[in-house]
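Enquirer: Once you've looked at the hints, dock chain B against the given chain A.
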Amino acid sequence: MSKIWLIAQREYLTRVRKKSFIIMSLIGPLLTVALFAVPLLIAKMSDSGKVVAIADAAGLFAEKLPESKDDISFTRVSADLATAKQEFQKAKYDALLYVPKMDIGNPNGFQVFSRKGLSLSLESDIRRAANKAIENRRLQQAGIDRSVLDNLKADVDLQTVSLSEEGEKSSSTGISTGVAYFFGFLIYIFIFLYGVQIMRGVMEEKTNRIVEVVISSVKPFQLMMGKVLGIAGVGFTQLALWVLLSMGISSVASTFVSPDKAMASQTASVSATTADVGASAIARKDTPADEAAKKENFTAKAFQALDNADLNMPLLLGCFLFYFLGGYLFYGALFGAIGSAVDSETDTQQFMMPVTMPLVLTFVVSQAILTTNPNGSVAFWMSMIPFTSPIAMMMRLPFGGVPAWQIAMSMALLIAGFMGTIWLAGRIYRVGILMYGKKVTYGELSKWLFYKG
Amino acid sequence: MKPILQAIDVRKQYANHTALDGVSLEVPEGSIFGLLGPNGAGKTSLIRIITQITGPDGGEIRFRGERLNPAHIGQIGYLPEERGLYKKMKVGEQLMYLAQLKGLSKAEAHQKIKYWLDRFDIKTWASKNVEDLSKGMQQKVQFVATVVHDPALLILDEPFSGFDPINANLLKDEILALREQGTTIIFSTHRMESVEELCDHIALINRSQKVLDGQVRDVRNAYRTQTYEVEGRGQLMVVHPDFEVIEQKKRENDHFYARIRILHDLTPNDLLRYLIGAGGVEVHAFRERIPSINEIFIRRVRETQPDYVPETDSVTA
Numbered sequence: 001m002s003k004i005w006l007i008a009q010r011e012y013l014t015r016v017r018k019k020s021f022i023i024m025s026l027i028g029p030l031l032t033v034a035l036f037a038v039p040l041l042i043a044k045m046s047d048s049g050k051v052v053a054i055a056d057a058a059g060l061f062a063e064k065l066p067e068s069k070d071d072i073s074f075t076r077v078s079a080d081l082a083t084a085k086q087e088f089q090k091a092k093y094d095a096l097l098y099v100p101k102m103d104i105g106n107p108n109g110f111q112v113f114s115r116k117g118l119s120l121s122l123e124s125d126i127r128r129a130a131n132k133a134i135e136n137r138r139l140q141q142a143g144i145d146r147s148v149l150d151n152l153k154a155d156v157d158l159q160t161v162s163l164s165e166e167g168e169k170s171s172s173t174g175i176s177t178g179v180a181y182f183f184g185f186l187i188y189i190f191i192f193l194y195g196v197q198i199m200r201g202v203m204e205e206k207t208n209r210i211v212e213v214v215i216s217s218v219k220p221f222q223l224m225m226g227k228v229l230g231i232a233g234v235g236f237t238q239l240a241l242w243v244l245l246s247m248g249i250s251s252v253a254s255t256f257v258s259p260d261k262a263m264a265s266q267t268a269s270v271s272a273t274t275a276d277v278g279a280s281a282i283a284r285k286d287t288p289a290d291e292a293a294k295k296e297n298f299t300a301k302a303f304q305a306l307d308n309a310d311l312n313m314p315l316l317l318g319c320f321l322f323y324f325l326g327g328y329l330f331y332g333a334l335f336g337a338i339g340s341a342v343d344s345e346t347d348t349q350q351f352m353m354p355v356t357m358p359l360v361l362t363f364v365v366s367q368a369i370l371t372t373n374p375n376g377s378v379a380f381w382m383s384m385i386p387f388t389s390p391i392a393m394m395m396r397l398p399f400g401g402v403p404a405w406q407i408a409m410s411m412a413l414l415i416a417g418f419m420g421t422i423w424l425a426g427r428i429y430r431v432g433i434l435m436y437g438k439k440v441t442y443g444e445l446s447k448w449l450f451y452k453g
Numbered sequence: 001m002k003p004i005l006q007a008i009d010v011r012k013q014y015a016n017h018t019a020l021d022g023v024s025l026e027v028p029e030g031s032i033f034g035l036l037g038p039n040g041a042g043k044t045s046l047i048r049i050i051t052q053i054t055g056p057d058g059g060e061i062r063f064r065g066e067r068l069n070p071a072h073i074g075q076i077g078y079l080p081e082e083r084g085l086y087k088k089m090k091v092g093e094q095l096m097y098l099a100q101l102k103g104l105s106k107a108e109a110h111q112k113i114k115y116w117l118d119r120f121d122i123k124t125w126a127s128k129n130v131e132d133l134s135k136g137m138q139q140k141v142q143f144v145a146t147v148v149h150d151p152a153l154l155i156l157d158e159p160f161s162g163f164d165p166i167n168a169n170l171l172k173d174e175i176l177a178l179r180e181q182g183t184t185i186i187f188s189t190h191r192m193e194s195v196e197e198l199c200d201h202i203a204l205i206n207r208s209q210k211v212l213d214g215q216v217r218d219v220r221n222a223y224r225t226q227t228y229e230v231e232g233r234g235q236l237m238v239v240h241p242d243f244e245v246i247e248q249k250k251r252e253n254d255h256f257y258a259r260i261r262i263l264h265d266l267t268p269n270d271l272l273r274y275l276i277g278a279g280g281v282e283v284h285a286f287r288e289r290i291p292s293i294n295e296i297f298i299r300r301v302r303e304t305q306p307d308y309v310p311e312t313d314s315v316t317a
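Chains as they are written, first to last, in the numbering used here: chain A, 1 to 453; chain B, 1 to 317.
Here chain A stands alone, though its shape is the one from the complex (with noise of 0.2 Å):
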């Protein structure tokens, strides 16, 4: 055991202290909050200060012009689509809106003329404009005055609930579906990136030529299991440092840049990430179309959500780390057989894929499946079988209505799975290693794992 811990202690320490290491510690919060901060940056950029100028023939903006937002302003010019034209060259407006004459009841012939194309964003937002426009037209032929419309507009909150046996559990979907794909997401990459840390660790022995100096102390065994524990910590490592570095960037950021509303929206966002990841996930899928304005309204709302869905924290984050070490181990081993059973990395190619295709499997699965039908056969299955239960036990978990009964096979299965893959990882570890230059096939590795001693 003892042995075990100095090879752990060695395979952590060489790693940690590598360069590479700590750049991608101090990046990775960095590219977090870039990964927020460029769309919203761009698309507020590109949308900022255009004038859009109408040529207004019906007569349908006569009495006010829509109203103008932080980045986008209308401004009347002449009804005559030939004259509206020049003005709108020489004046440089960013478009321009003819509205030709027409049937209230049937508006059709709108145009839209512009300099280089028009973005989606201001598209949509003309359109908005013309259709509010038409609809008070109607109101006012039908004689409805447009306040009495929108008080008579419902606009429900559907509070989900989900019912179980042990009572009533208000839960939101959106909110589910964020942490389910954040915490899917973090044991996939997870299992990724220090699965083939292990691999090529490995191979780094094995190729180096020093495997038979440290297993003539040590088994083989006792050589693997430190390599998979300590690459472990690494992973580890990695992660408290990103979660407490991007807490510490965003809340810096956040007390810098307050006076703008939309900058602080969107750092608000980025610390949504680190403190409450739910919301985060959520704040992205709408990151880029959205604007700062509502966005903001947006995260705030996210926050409460995240308050009010009762998700079960405690259960979450205590399931996330144990998957997040069980998917670990079970795929570490198997990577770390790949690893001795081969001589250059161009060789893996042929074990990767039966080892990564159940991981890239679940994870495409689980958007089309496991959101939609969480408690459904596939959902349960999936996340019963150690190859999938990681990833697919996670994205169930957040929606809730999982058993006890099921999480604890589930856990059970895969502490059985992943002490199986390491049985399996360390036959052919042990004969692996000490093959030299020598292609092996399916075949040969099978016939390892009946080696004696």
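For the record, the hints were derived by calculation from the structure and aren't laboratory data.
Incorrect hints may have been included.
[Claimed, not checked] Label pairs and their in silico Cβ distance ranges:
| no. | chain 1 | residue 1 | chain 2 | residue 2 | range |
| --- | --- | --- | --- | --- | --- |
| 1 | A | Leu31 | B | Asp132 | 30 to 36 Å |
| 2 | A | Met419 | B | Ala107 | 32 to 38 Å |
| 3 | B | Glu303 | A | Met419 | 49 to 55 Å |
| 4 | A | Leu321 | B | Glu108 | 37 to 43 Å |
| 5 | A | Pro354 | B | Gln181 | 49 to 55 Å |
| 6 | A | Leu361 | B | Ala15 | 30 to 36 Å |
| 7 | B | Ser127 | A | Met247 | 34 to 40 Å |
| 8 | B | Ala107 | A | Leu315 | 45 to 51 Å |
| 9 | B | His17 | A | Pro314 | 57 to 63 Å |
For glycine and all other residues, C-beta sits at the position ideal for the given N, C-alpha and C.
Expert: Positioned in the frame of chain A, the structure of chain B alone reads:
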């Protein structure tokens, strides 16, 4: 001498070939023991069993009378044929790590590493990465890693194959020095001449079986053929029925070289007398031709395998 290591009827079977087929041998404490045989004979298989990298399928290994167990790992030092170091690790840290894996405490390891770095005068390397060292320097570090825990038994598999001539000589000197301190050394090689002069005991292995073993002197004596090499001047004409000329070469200025075998119960003195008298030649040199281990090996193997052809690099070099 009590054996430090005994192999008793050790068997090892791989999927489609037998690596060791009932090999028994004894390595006397304090000796330099040559484990010799051509490539693929089973030497490395035996060593991997002794170093507990693999286990035997049958038979057992005893270390100082005890059945081999993990507690012995710290008393064995092993320089494998396939060897290397962590490239991106500092020399000092690397030696510390390997020493601790052998069971040394941090303090012990520290002291031993200091001793060896001083001995090789390479203290300044401790903080260098292995990849920044030259090949020769790495070889020294590799050797230190093998002996840093003061093993009672040192196993060197093809020790000279990776080393340049200067380091190979250094290695020889260190091995002799270690033997003086009581370390037992097992040499495993297919290049028999390279260790002949160093070994006091040998075991020859061929096709997964031990062919012969014993003290080098005894083995060679047992294979003496009563053959003598003669150099001198004159016209060599041997017509005696008890002397057989195996080989004869003419050299310039009437000189010659010959190998002559004594057939019956005669002594070298009889041969010498005959040469000087009836042979009518002037003898400049006269010595017994003692067979080399390599020759003995080939002879021994040909007894069971008449068509045996030695690998080229085991006769040259």
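Enquirer: Each of the hints needs a verdict: does it hold here or not?
Expert: Quick rundown of the hints versus the structure:
1. Between Leu31(A) and Asp132(B) the Cβ separation comes to about 32 Å, which falls inside the hinted range of 30 to 36 Å.
2. For the hinted restraint 32 to 38 Å between Met419(A) and Ala107(B), the CB-CB distance of approximately 37 Å keeps it satisfied.
3. Judged by the Cβ atoms, the range 49 to 55 Å given for Glu303(B) and Met419(A) holds: they are separated by roughly 53 Å.
4. The hinted range of 37 to 43 Å is satisfied by Leu321(A) and Glu108(B), whose Cβ atoms lie roughly 38 Å apart.
5. Restraint check, Pro354(A) to Gln181(B): a C-beta distance of roughly 54 Å satisfies the suggested window 49 to 55 Å.
6. A C-beta distance of roughly 34 Å is found between Leu361(A) and Ala15(B), which places it inside the suggested range of 30 to 36 Å.
7. Restraint check, Ser127(B) to Met247(A): a C-beta distance of roughly 37 Å satisfies the suggested window 34 to 40 Å.
8. Our hint of 45 to 51 Å for Ala107(B) and Leu315(A) holds, since their Cβ atoms are close to 47 Å apart.
9. In this structure the hint that His17(B) and Pro314(A) lie 57 to 63 Å apart at CB holds, the actual value being about 58 Å.
Comparing the model with each numbered hint stated earlier shows that all of them hold.
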